[in-house]
Amino acid sequence: MTLSYELPLLLLLLLTACAAVLVKDLISAVLILGSYSFFLALVWAWLGAPDVAFVEAVVGAGLATVFFLLTLLSTAPKDTHIRRHAPPKAAMLLLPLLAALLLYATSDLPRFGDPQSPASVHVSPHYLKNSLADTRTTNVVTAVLMDYRALDTLIETAVVFTAGIACWLLLRRDVK
Amino acid sequence: MQLPLLIVLDLLVVLILMYLFRVVRGPTLCDRVLGLNGISTKAILLLIVIGTVYERVEVFVDIATGYALLNLVGVLAIAKYLERRGAA
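As given, the protein sequences belong to chains A and B, one line each in that order.
Residue numbers are given in the working numbering: position 31 of the first sequence equals residue 31, and the series is strictly consecutive.
Residue numbers are given in the working numbering: position 33 of the second sequence equals residue 209, and the series is strictly consecutive.
What the hints contain is simulated information worked out from the structure, not anything from laboratory work.
Hints may contain errors.
Partner residues aside, some chain B positions facing chain A, computed with beta carbon under 10 Å [what the hints assert, rightly or not]:
| id | residue |
| --- | --- |
| 1 | 195 |
| 2 | 196 |
| 3 | 216 |
| 4 | 253 |
Backbone N, C-alpha and C fix where the C-beta goes; we use that ideal spot for every residue, glycine too.
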């Protein structure tokens, strides 16, 4: 069931990725990258992770596109065309080999949604069993994010806040 | 999984591929913007159909709404860019 529909989605992903790399105009590359992000969000949604899909659609396809365009707008390059050099021979030879190696390694991965996979039997049962008693939070993901990893999340928030201030400082209009 | 839904999903991907051709080849920037806009409408539909397959439509409707809103901002940003640059 999962495989039947993944193939067209992954095909779209591959097509947009190649197009974004090969296109000769920066703005077009930004636009194609936006659609690439959205197809990635669709893959997440198809694999049953709507939260990740939401973040990818909003941040990847929406915000990143807007930020790229704002950057192009404020730097205002004279010529948005890209002059590319042909990739080195070694990269053309070694990267397909690396891809083949990675594909070969995926045969050792546990099956999709396998309850006996190492990731599902290590600490997950502990959180599933004890998070309600420990934190009084009904959502396990929220409990892990906001209680068990509260310090981590706090510093992450500080990082995001700093990045937001930097964006605001860079992108604000000059009021005269 | 229900066969009709799978057929709908595949048809939507075929439609997206047609738009994608315009986005990738599109001689002018306007073609690309319009193609991208078309893709995003199809992708919103696709999200809802995926939600129907998983029988969790509420969550996916939220995602689709969020994406639709941000897509509007994106298209406005592109339009603003084109206006500022003074070329289409």
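Tested hints:
1. This hint holds: residue 195 (chain B) has a C-beta 9 Å from the nearest C-beta of chain A, less than the 10 Å allowed.
2. The restraint placing residue 196 (chain B) at the interface with chain A holds, with a minimum CB-CB distance near 6 Å, inside the 10 Å limit.
3. Look at residue 216 (chain B): its Cβ gets to within about 7 Å of chain A, closer than 10 Å, so that hint holds up.
4. Interface restraint check for residue 253 (chain B): the shortest CB-CB distance to chain A comes to about 5 Å, inside 10 Å, so the restraint holds.
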